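Peer 1: Please build the complete structure, drawing on both the sequences and the hints.
First to last, the sequence lines map onto chains G and D. For the first sequence, the numbering used here begins at 1 and goes up steadily by one. For the second sequence, the numbering used here begins at 1 and goes up steadily by one.
Just so you know, the hints here were simulated from the structure itself, not pulled from any lab data. Don't take every hint at face value.
The list treats identical chains as interchangeable, and a pair is accepted whether it falls inside one copy or across any two copies.
[What the hints assert, rightly or not] When the alpha-carbon atoms are kept at most 20 Å apart in a straight line, the in silico SDA-like pairs for lysine to any residue are as follows:
1. 103 <-> 62
2. 141 <-> 19
3. 26 <-> 133
4. 103 <-> 44
5. 103 <-> 136
6. 103 <-> 43
7. 26 <-> 125
8. 103 <-> 135
9. 26 <-> 70
10. 141 <-> 39
11. 141 <-> 114
12. 141 <-> 83
13. 103 <-> 41
14. 26 <-> 69
15. 103 <-> 40
16. 26 <-> 50
17. 26 <-> 113
18. 103 <-> 39
19. 141 <-> 16
20. 103 <-> 127
21. 103 <-> 133
22. 103 <-> 11
23. 26 <-> 135
24. 26 <-> 85
25. 26 <-> 44
26. 103 <-> 20
Treat the numbers as computed from the prediction; the structure is a model and nothing was measured.
Number of protein chains: 2
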Amino acid sequence: MADELFPFAPRGSTEEVEEGRALAPKFDADGLLTCVTTDAGTGEVLMVAHMNADALQRTIASGEAWYFSRSRRALWRKGESSGHAQRVVEMRIDCDQDAVWIKVEQAGPGACHTGRRSCFYRAVPLGDAGALMLEFRDGEKLFDPRAVYRQKP
Amino acid sequence: MADELFPFAPRGSTEEVEEGRALAPKFDADGLLTCVTTDAGTGEVLMVAHMNADALQRTIASGEAWYFSRSRRALWRKGESSGHAQRVVEMRIDCDQDAVWIKVEQAGPGACHTGRRSCFYRAVPLGDAGALMLEFRDGEKLFDPRAVYRQKP
Chain G
1 MADELFPFAP RGSTEEVEEG RALAPKFDAD GLLTCVTTDA GTGEVLMVAH
51 MNADALQRTI ASGEAWYFSR SRRALWRKGE SSGHAQRVVE MRIDCDQDAV
101 WIKVEQAGPG ACHTGRRSCF YRAVPLGDAG ALMLEFRDGE KLFDPRAVYR
151 QKP
Chain D
1 MADELFPFAP RGSTEEVEEG RALAPKFDAD GLLTCVTTDA GTGEVLMVAH
51 MNADALQRTI ASGEAWYFSR SRRALWRKGE SSGHAQRVVE MRIDCDQDAV
101 WIKVEQAGPG ACHTGRRSCF YRAVPLGDAG ALMLEFRDGE KLFDPRAVYR
151 QKP
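Peer 2: Spelled out as structure tokens, the structure:
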């Protein structure tokens with residue numbers, strides 16, 4: 001386990017984790033932390049995904065976004081299928097070091113596998129406890145996911 | 001379980017979840033989804049936290065941010081101890097409906113329990129696979145957490 005976490009520091013006291021300069025990420029029971037990805041230009045949240053230690057290391061080392069897919073149980077480089085890679089402009093980590101925020105330059109028309117710029121293309125109306133109908137916002141499809149993500153022969 | 005999820009819709013097909021207008025959130029094995037909270041004015045990511053079904057319902061109904069603390073296993077309204085509440089300007093949900101993004105007006109000087117505006121006050125240097133030293137950014141403490149979060153008598 002120690003080798004797996006290299007070059008990360010061991011978790012220290014709360015004071016060390018919150019006020020220190022050592023990168024000591026807290027991976028959950030599945031070995032993952034949360035990553036929020038925003039557009040470096042507009043600030044828009046493009047996606048929320050997960051990173052395991054390997055994905056985090058590769059992202060830091062390469063400056064390109066790598067994630068871990070929970071559904072596929074696999075490491076992936078954003079854009080490896082679609083070409084829509086993400087160059088990381090800045091990475092931040094939060095107080096308890098269980099989440100990172102990356103600001104990226106998004107290649108291609110969008111980050112979402114549905115064909116949209118952002119995964120967050122629907123708003124939840126507030127103040128209505130009854131039947132909730134989502135409202136599409138910025139929901140235009142900018143590319144055809146069937147063409148972009150189709151299996152290579 | 002069905003009652004607990006009211007007023008949320010059951011999970012349908014992938015097409016229904018991604019392209020439909022029904023709010024059908026996907027809670028994880030612990031009954032949680034991820035919430036990204038940004039400043040409605042600046043776009044800055046203030047915090048990443050979790051919501052259970054109850055927290056999500058209360059946030060939608062009240063327009064104020066409610067979360068579920070994994071460490072304390074408790075529902076909490078942001079600001080109930082500190083006074084630093086969050087008024088939700090807009091809520092978005094992502095393609096597979098396992099994460100929400102709320103844009104908020106943050107009351108008080110900051111969202112982070114360490115006394116800072118945002119929980120993301122340290123940057124992770126990129127391109128260096130060796131020993132990683134975090135860099136403080138916007139790391140000024142704007143309030144004294146010992147005073148703000150102290151137990152009431």
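Peer 1: Each hint needs a verdict: does it hold in this structure or not?
Peer 2: Hints and how they fare:
In this assembly of identical chains, the alpha carbons of residue 103 and residue 62 lie at most 20 Å apart only when taken from the same copy (14 Å versus 31 Å across copies). With identical chains, the CA atoms of residue 141 and residue 19 are at most 20 Å apart between copies only, with a shortest distance of 11 Å across copies and 43 Å within one. Taking the shortest Cα distances, residue 26 and residue 133 sit within 20 Å of each other only across copies (16 Å), while inside one copy they are farther apart (36 Å). When the C-alpha separation of residue 103 and residue 44 is checked against a cutoff of 20 Å, the pair qualifies both within a copy, at 10 Å, and between copies, at 11 Å.
In this assembly of identical chains, residue 103 and residue 136 lie within 20 Å of each other by CA distance solely across copies; the values are 16 Å between and 24 Å within a copy. For the homomeric pair residue 103 and residue 43, the shortest alpha-carbon distances inside one copy (8 Å) and between copies (12 Å) are both at most 20 Å. Only between protomers do residue 26 and residue 125 lie at most 20 Å apart by alpha-carbon distance; the minimum there is 18 Å, versus 34 Å within a single protomer. Taking the shortest alpha-carbon separations for residue 103 and residue 135, only the inter-copy value of 16 Å comes in at or below 20 Å, while the best intra-copy value is 26 Å.
Proximity of residue 26 to residue 70 under the C-alpha cut-off of 20 Å is found in both arrangements, the shortest distances being 17 Å within a copy and 13 Å between copies. For the homomeric pair residue 141 and residue 39, the shortest alpha-carbon distance inside one copy (18 Å) is at most 20 Å, but the shortest distance between copies (26 Å) is not. In this assembly of identical chains, residue 141 and residue 114 lie within 20 Å of each other by CA distance solely inside one copy; the values are 7 Å within and 41 Å between copies. With identical chains, the CA atoms of residue 141 and residue 83 are at most 20 Å apart within one copy only, with a shortest distance of 17 Å there and 41 Å across copies.
Taking CA atoms no more than 20 Å apart as the test, residue 103 paired with residue 41 passes in both settings, with 8 Å inside one copy and 17 Å between copies. In this assembly of identical chains, residue 26 and residue 69 lie within 20 Å of each other by CA distance both inside one copy and across copies; the values are 18 Å within and 16 Å between. Proximity of residue 103 to residue 40 under the C-alpha cut-off of 20 Å is found in both arrangements, the shortest distances being 5 Å within a copy and 17 Å between copies. Taking the shortest Cα distances, residue 26 and residue 50 sit within 20 Å of each other both inside one copy (12 Å) and across copies (16 Å).
For a Cα distance limit of 20 Å, the shortest separation of residue 26 from residue 113 across copies, 18 Å, qualifies, whereas the shortest one inside one copy, 28 Å, does not. With identical chains, the CA atoms of residue 103 and residue 39 are at most 20 Å apart both within one copy (6 Å) and between copies (15 Å). For a Cα distance limit of 20 Å, the shortest separation of residue 141 from residue 16 across copies, 16 Å, qualifies, whereas the shortest one inside one copy, 45 Å, does not. In this assembly of identical chains, residue 103 and residue 127 lie within 20 Å of each other by CA distance solely across copies; the values are 15 Å between and 31 Å within a copy.
Taking CA atoms no more than 20 Å apart as the test, residue 103 paired with residue 133 passes between copies only; the shortest distance there is 19 Å, against 31 Å inside one copy. Taking the closest pair of Cα atoms, residue 103 and residue 11 never come within 20 Å of each other, the shortest separation being 25 Å inside a single copy and 31 Å across copies. Proximity of residue 26 to residue 135 under the C-alpha cut-off of 20 Å is restricted to the inter-copy arrangement: shortest distance 18 Å between copies versus 35 Å within a copy. Proximity of residue 26 and residue 85 under a CA criterion of 20 Å is satisfied in neither setting, with 26 Å inside one chain copy and 26 Å between copies.
In this assembly of identical chains, residue 26 and residue 44 lie within 20 Å of each other by CA distance neither inside one copy nor across copies; the values are 26 Å within and 22 Å between. Taking identical chains as interchangeable, the C-alpha atoms of residue 103 and residue 20 are never at most 20 Å apart, the minima being 22 Å within one chain and 29 Å between chains.
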